[in-house]
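As they're listed, the protein sequences go chains A and B. Using the numbering used here, you'd call the opening residue of the first sequence number 1 and step up by one each time. Using the numbering used here, you'd call the opening residue of the second sequence number 1001 and step up by one each time.
These are computed hints drawn from the structure, not numbers from a lab. All of these numbers come straight from a predicted model, not from anything done at the bench. Among the clues, some could well be false.
To be verified - Short, incomplete list of chain B residues facing chain A, as computed with Cβ under 10 Å: (1) PHE1033; (2) ALA1100; (3) PHE1103; (4) ARG1109.
Idealized CB from N, CA, C, for every residue including glycine.
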Amino acid sequence: DQQVKQNSPSLSVQEGRISILNCDYTNSMFDYFLWYKKYPAEGPTFLISISSIKDKNEDGRFTVFLNKSAKHLSLHIVPSQPGDSAVYFCAASGNNDMRFGAGTRLTVKP
Amino acid sequence: SAVISQKPSRDICQRGTSLTIQCQVDSQVTMMFWYRQQPGQSLTLIATANQGSEATYESGFVIDKFPISRPNLTFSTLTVSNMSPEDSSIYLCSVGGPYAEAFFGQGTRLTVV
Chain A
1 DQQVKQNSPS
11 LSVQEGRISI
21 LNCDYTNSMF
31 DYFLWYKKYP
41 AEGPTFLISI
51 SSIKDKNEDG
61 RFTVFLNKSA
71 KHLSLHIVPS
81 QPGDSAVYFC
91 AASGNNDMRF
101 GAGTRLTVKP
Chain B
1001 SAVISQKPSR
1011 DICQRGTSLT
1021 IQCQVDSQVT
1031 MMFWYRQQPG
1041 QSLTLIATAN
1051 QGSEATYESG
1061 FVIDKFPISR
1071 PNLTFSTLTV
1081 SNMSPEDSSI
1091 YLCSVGGPYA
1101 EAFFGQGTRL
1111 TVV
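Construct all of the structure, not just a fragment, from the sequences and the given hints.
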């Protein structure tokens, strides 16, 4: 029962360009959404979040967009840097429950 | 914030044996969470460990296979019992969430041969 889906297992972009990572969810009870970044041999670390009352949240180079009607969120990284190369997980929370997507491996080429 | 020390970071184990994973948090927390990430899959919650009570297991996970201890507010262990190759995964402990950021240990990469 995959309630949170990241349909792109990998993404490769050139340094300086925009990275767009996508996430879809199926459960309408989710009302809080988070993105985590994971480097090899490390645990995931929190990146940015958004509440369902908003449609956009920005933090430096990172912006998360939420489209509730489409049950879709995306993470934009501008400009992308080689140090952004990692696996990115989206997570959706609701009713005291949190579900994760399978992750997208982002590679930023110098 | 919270800093979680998880060990071992990796292990290779024989089928039929058990492995205990430890997590130490640098502050007192009420709930600790144990996740599994199978290859190519999402992080799946195994159980929630509360201090002073039995752990709460998610559907598909049972105490006999994944016994959990929570002796105090800063420490927890997860044991993977009677292992088979299907148990090869990354196991993670976590605190925090779901309506605030969660903090994770560095993970334990388990390979069962």
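To see whether the hints hold, each was checked on the structure:
no.	hint	result
1	PHE1033	holds, 9 Å
2	ALA1100	holds, 8 Å
3	PHE1103	holds, 8 Å
4	ARG1109	holds, 8 Å
Checked against the numbered hints given earlier, the structure satisfies every one of them.
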